[in-house]
Amino acid sequence: MSGALAKPVMRGMLAKRLRFHLIAAFSLAIGIAATFKFAVAEPRKRAYAEFYKKYDAAKEFEAMREAGVFVSARPTGK
Amino acid sequence: VTPSYSYFTSAHDVKVHHKPRLIRHVHYSESSSDEEKEGVAAPVLDCSQPQYTDRPDIPLPDITYITKYNLEQLKLKEKESGPWSQLTKDEKLALYRLNFQKTYAEMRQRSNEWKTVLGVVLWFVGLTGLFYWWGLAYVYQPVPHTFSEDWVAMQTQRMLDLRINPISGFSSHWDYEKKQWKK
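If you read the protein sequences in the order shown, they are chains D and R.
Counted the way the numbering used here counts, the first sequence spans residues 1 to 78.
Counted the way the numbering used here counts, the second sequence spans residues 1 to 183.
Quick caveat, the hints were computed from the structure, so don't treat them as lab data.
Check before you lean on any hint, since a few could be wrong.
Stated by the list, open to error - Okay, derived cross-link-like pairs now, DSS-like style, lysine-lysine, Cα gap no bigger than 25 Å in a straight line:
(1) K102/R - K77/R
(2) K179/R - K59/D
(3) K182/R - K45/D
(4) K182/R - K53/D
Bear in mind the structure is a predicted one, so any value in this text is a computation, not a measurement.
If we strip away everything but chain D, and leave its shape as in the complex, we get:
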C-alpha cells in the first residue's frame, strides 16, 4: 500500500454540526434583533418623542384650516 490516507472522521458529525449551527443561529438571531432595535425601533421612538415635544395641536389645526382641507372648518377668509 503506497501512501495511506488519514483516517476520516467517523463519529460526532451531528454533534459538531449542531454545535456550529446552534451558535451561529443564536448569534445571528440575537444580532439581527439587536440591529433592528437600535437601527429602527429606537430612532423611531425618538422621532416620535421629539415630534410631540414641540407639537402644538391648535396651531397645526389653524394652519390646516387655512390650507382649506376641512369641510366643517372653512378658512377664516380674512
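The hints should help you fit chain R onto chain D, whose structure is shown.
Positioned in the frame of chain D, the structure of chain R alone reads:
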C-alpha cells in the same frame, strides 16, 4: 431446479443453472417481445429493479455498477475471492471500478453547467422583456389624467396640507417654515 434468487435471473438463466453465481443480469427488461414491439436496440429501464446511482449521500448503491462481467472481469472476481494481498494496485482499482462508476471526488466535481443555465435564464428574461414592450406598445391604454405633472403637484400640495405622515414620512421632509423640501 429453478435458482432460489428470482432477483438475479431471467428466463434465459433457468436453462443453465451451472453458471457461476457471479453472473447477474442487467436489470433491464429482457423480454424480446418488448424489443420487437418497439424496434429499439436500447434496453428498457425496469424501474421495479434496484438501480445504481452516483450520489454522495448513498455510499453503497443498491447494486454494483457492472453486473454483467466479461471474461476478464470474471477472472478478476475469482482472484478477489482469494487473499487480497495478492491483488495488484491496478487490480484493486479495477475491482473498485466494477462496483462504482464515479469516485466521491468525481461525483463532487464542479462543472460549467451553471453558465449555461444562467445564460438560458437570462435569454428567457430577455424574451419576457420583448413581450413586455409589445404589451406597452399595443395593449396598455394611456395612464389616467391624475398622473399628469399638474395633477401630481396639486396632489402633493394637498398631502402636505393634510400633514400626511408628519413624523417620519411624507410631510416630515417638508419644511413648513421655509416652504420647501428639507435638504
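Verification of the hints:
Taken as a hint, the K102/R and K77/R pair is honoured in the structure, with Cα atoms around 20 Å apart against an allowance of 25 Å. Taking the CA atoms of K179/R and K59/D, the gap is about 16 Å. The hint holds against a cut of 25 Å. Annotation: proposed proximity of K182/R to K45/D holds, straight-line Cα distance about 21 Å (limit 25 Å). Proximity of K182/R to K53/D is assessed by CA-CA distance (about 20 Å); at most 25 Å being required, the pair is judged to hold.
Checked against the numbered hints given earlier, this structure breaks none of them.
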